[in-house]
Structure formats: structure tokens, C-alpha cells
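Enquirer: Knowing the structure of chain A, use the given hints to seat chain B on it.
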Amino acid sequence: MSTPKGIWKIISASSVGTLIEWYDFYIFGSLATVIASQFFPKTNPTAALLSTLATFAAGFLVRPFGALVFGRLGDLIGRKYTFLMTLILMGGSTFAIGLVPGYDHIGFAAPLIVLVLRLIQGLALGGEYGGAATYVAEHSPASRRGYYTSWIQATATLGLFVSLGVILLTRHLLDPDQAKSIAKFNDWGWRIPFLVSLLLVVLSIYIRLKMKESPLFEKLQSEGTVSVNPLKESFGHKANLKMVLLALFGATMGQGVVWYTGQFYAQSFIENVCKVDFDQSRTILLWAILFGSPFFVVFGSWSDRVGRKWIMLTGMLLAVLSYNFLFGQLLRAAEVKNKIELPDIKQVKSTMSYLGHSGNALRTRTTVSYFTDGTQLTETSRDTLYAPDGSPRNLRPDIRQTVRLSSANYWMMVALVFVMIFYVTMVYGPIAAFLVELFPTKIRYTSMSLPYHIGNGVFGGLTPFIATLLTTIYTGNKLVGLMYPVIIASVCLVIGGLYIGHQDEPQGAEL
Amino acid sequence: MNHIKRIFGVLWLALGPAAVMYLIRTAASEIAKKPIVDTKIQWAVFIVVFIPIAVGMMIFGFYALKGEYDSR
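Top line first, the protein sequences correspond to chains A and B.
One point on numbering: in the working numbering, the residue at position 365 of the first sequence is 586, and numbering is uninterrupted.
One point on numbering: in the working numbering, the residue at position 53 of the second sequence is 124, and numbering is uninterrupted.
Here chain A stands alone, though its shape is the one from the complex (with noise of 0.2 Å):
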């Protein structure tokens, strides 16, 4: 085992990279939009057709794929190696995606190039975690593994948040007039967060060449017992398999729905359900992960005394029992229907933009109204008003709304995230010690990302879209979306609740 100061060079190279991994996977995600529009044209159907499948693929079905292919030569090679190719790949396939010219420039190669780019992106990110997570286990004191590996557990919380940060940031510096910044942006200015990740990568690639193999592994190939067929042995043998399907049913499904509803579909219910604007809605999150962040090394420490099942376990018990109060509290925040307006105030602002020679003119009707407690609702109205000559007529104006918060309802939504993020520290702070000490050594890389990227992965990452998917089959309920996270999370908690006993976790055995 490292000696103390050894334990925080290793925590910390490994920590930065894994955040750096996150951080890089996240920008995309928080980009969608503005990429969609670079990349992915809505009126060319084929370049539509591949934005979705860079959506969902790199997500949901390479993160499995790439915890295969990364665990096994783990297993296989080392640790230190294979999750020094993570990084390199995650990086430079980030750097990449901010050069890439857009789909005007190159037109279909555009879309095809960021496909590719994120595929990789996807394929790293399976084999990252489960290298650093392992890493850092195999030299941490038996007795403090829980305390350790926490911090690698908030690297994936600390990757959002950094990603937020410097999106909000890039969008605001570019210009003093915040229109035009914004408008830079969108442009050409998303391209900074991903090019920035190339300093970063460099900077954690140096730091990590100069870590050492993990001992246990390098105790294996001294004894030359490292494992041949690390897949066969993960998933042939009955007594392994049997406790990654534990892991995944009992364990990571549960950890997965919880962590992405605390952090992702509540930013997207904020944002799109209770129509908070664009800047406080991703403000929120950034405060509730900062206020959230330490309890991962709470939790992970606790996990060292009272074992990391039920800790685990009670934040699956608590969001079941309290998303629907918690999301609904988000929606009260946010609604108007109950304040009081200050009508005297209130500005209305028409435009009229005559759209081509076509004779048809674009109206736009902007409404800004306020309230006693500070909120502001802004109401813009979209309606193409068509030349007389037999155009449609009938169509309905686009209309959105957008909510900016007073104070009060501000602080009281990130207090509501803030509860959300503390769940996620209870499930997510102690799970890597409790999969690492699941395993055997010498198949323990490949065994433990493929329950963890299907758990956080699949079912996680599933979460925002299974969520949204919901609300518009069963439109009378704009809670509708919490069924998914609660049923998971529900079946998750019995499961692990029945199954996982005192023999599967034995925390502060030696590995």
C-alpha cells in the first residue's frame, strides 16, 4: 500500500484525468444544441439522422462496448497504460470536434467526422472510469478505500460542473454587449470549450506517465497470474457472473437513474418545464454541486465504518420517496399564475421583418411582464403574417416563455437541487469501493465497468430522454417523467436490499 503522501499523488492524477474525461463528454452534451446547428442541419434528413445516432450511441451503446475493450486490456496490460489510452483518445478526440469545419463548410463530411469523434469519445469514457476507480483502490489502505475512491466518484460531479462553468464563461467574455457575445458564441465561440481540453489533457498525460503500476497488479504479473481471457472470466464463469449481475440490478441501475435525474433532468425540467431561462437554470445546478460536491467524501468515508450497502441503499430509498415533492416544489417555484403582477410596468415590444421578396413579414411580439416578488416573465410571440395571395393563413404563432427567477424562488430551487445532489453523493460516493472489493484482482478491471457503464450509462443516461418521453405520451401530468427514475431506483432498492449480503461486501478486507 502507497504511504500517505503516495495515496494523494495517485488520488490526484488520477482524479484530474478522470475529471478532464468527464468534463470533455459533458461539453458535447451541454452543446447539443449549438453543435446540432453546426454539424447537423434539421432540413438535410441524413445529417439528422446521424445527430441522433451521436446522441444515443456514444451514450448508451459504446460506453458498455468501450468498458469491454478497455477493461479487458486493463486486465490484460495494466492499468496505468490503458487508462493513459483513455485519456489520449477522450482528448484529442475532444480537441478535434472543436476543429472540425461545420456542414457548410464541408458539408456532409461535417457531420460524419463529429460522428466518429464522438464515438471515441464514448469508447474512452467506458474504459476510464473503471481504470482510475481501480487504480486508485489497489493502493489505498483497506481500512480508508471507501474514503479514497470518493474522490475519484466526485470527478464525475466536478466534470459537469466544470463544463457548465466554462460554457456560461465563453458565452459572456466574448463581447461586453451580451447579445453580441452570445451571438459570437454560437457562432464560433463553442468551439473554446473543446479546444481548451487540449492543455488540460496534455497538463494530466504528463502527470500520469510518471505514476507507477498499481501493486496488485504488478503483484500478478511477478507471480505470473494474470488473467489470460479477462471476458471469459468476467462473463463465463457462473460465480463472477452472478455478482456482475448483482452489482448491475442491485447496485449501479439504481445509482445510474438517481445520479442523472439529480443532475441532468433536473437542469432539463428546470430549463424546459418550469421555463427557467437559459443562465439561472445551469447557475442552480453549478451552486447545488458546489454545495453538494463534499458529501461524496462524506459518504465514501462513512462507507469505511458502516459498509457502503445501505448508504447506498437509503439515497435510492429517499429519491424514490421524494422526487415527486421535490420536482413539484421546482414547478411551484417557477409559476406565475399565483403572484402579483405589477401591470404599470409591464413592456410590450413589437418587430416586423419582411422575410425575402415573398411579400410575407416575420412578427415578432415580445412581452415582458413583472411581479411583486421580483420574478420576470418574458413572453415571445412568433407569427408569420403571409402576403395576400393564398398562402396559409391559419397557422398558430410560436410562442415561448421564459421565467428569471426572483431571489427567493432561486435560492429555493438550488436548496431543492442541492437535496437531489446529496442523493447522488449517497449513492454514487461509496459505489466504487464497493465494486472494486467485488472482484477478484486479476479480472477486476473488465468486471467492474460493464455493470457500472450499463448501470450509469444506459439506464442513467436513459433517464432525460425516457423522462421527457413520458411527459409527451401522458401530457396531462408534468411529473409524469419521474415514473422511470422511481420505478428503477424501486426495483434497484429491493434487489439490493435481498440479495447483497454481508459475504459481498467486504469492506476493509485486504483486495
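Just to be clear, a hint being listed does not mean it is correct.
Okay, derived cross-link-like pairs now, EDC-like style, lysine to aspartate or glutamate, Cα gap no bigger than 20 Å in a straight line [stated by the list, open to error]:
| hint | chain 1 | residue 1 | chain 2 | residue 2 |
| --- | --- | --- | --- | --- |
| 1 | A | 663 | A | 434 |
| 2 | A | 401 | A | 498 |
| 3 | A | 699 | A | 454 |
| 4 | A | 459 | B | 139 |
| 5 | A | 663 | A | 444 |
| 6 | A | 463 | B | 139 |
| 7 | A | 663 | A | 498 |
| 8 | A | 463 | B | 101 |
| 9 | A | 230 | A | 444 |
| 10 | A | 440 | A | 619 |
| 11 | A | 567 | A | 600 |
| 12 | A | 459 | B | 141 |
These are computed hints drawn from the structure, not numbers from a lab.
Expert: Chain B alone, transformed into the frame defined by chain A:
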């Protein structure tokens, strides 16, 4: 406790095919409602990804039923 674990095994065993059937029926109805490429790809990905997971759930249920997860 071991008895309960085994009884629940039947539930997990049945949950796999039930989930796949529900998924396929919902996919067919949603694609029929909106037969565009985005809808087809989304549902195709859901089905392709969830079928192996459902098989995994069935294997898990089978192991539970056979007492593989019994406490010793």
C-alpha cells in the same frame, strides 16, 4: 430470508420478458404515431440495448431461484 430470495427470483425471471414485451408494444405504437427517422432510431436503440439487459435480468432471476444468492 433465503426462501424470500428464491421466491423473488420468479419475479425477476418474469420481469425480463415482460419488460421487453412492453418496450416492443410501446415502440410499435410510438413509431406508428410519428413514423420519422428520429423516432425509429430512438426506439431501435432502446430495444437493442434493453434486450440483452432483460436477458441478464432473467439469468439473475434464475440464479436467485436456484439459491445462488442464498446466505450461508
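Enquirer: Now look at each hint and say whether the structure bears it out.
Expert: Hint check:
no. : hint          : in the structure
1   : A:663 x A:434 : holds, 14 Å
2   : A:401 x A:498 : holds, 18 Å
3   : A:699 x A:454 : violated, 46 Å
4   : A:459 x B:139 : holds, 9 Å
5   : A:663 x A:444 : holds, 12 Å
6   : A:463 x B:139 : holds, 8 Å
7   : A:663 x A:498 : violated, 50 Å
8   : A:463 x B:101 : violated, 35 Å
9   : A:230 x A:444 : violated, 27 Å
10  : A:440 x A:619 : violated, 66 Å
11  : A:567 x A:600 : holds, 11 Å
12  : A:459 x B:141 : holds, 15 Å
Hint compliance for this structure: hints 3, 7, 8, 9 and 10 are not met, and every other hint is.
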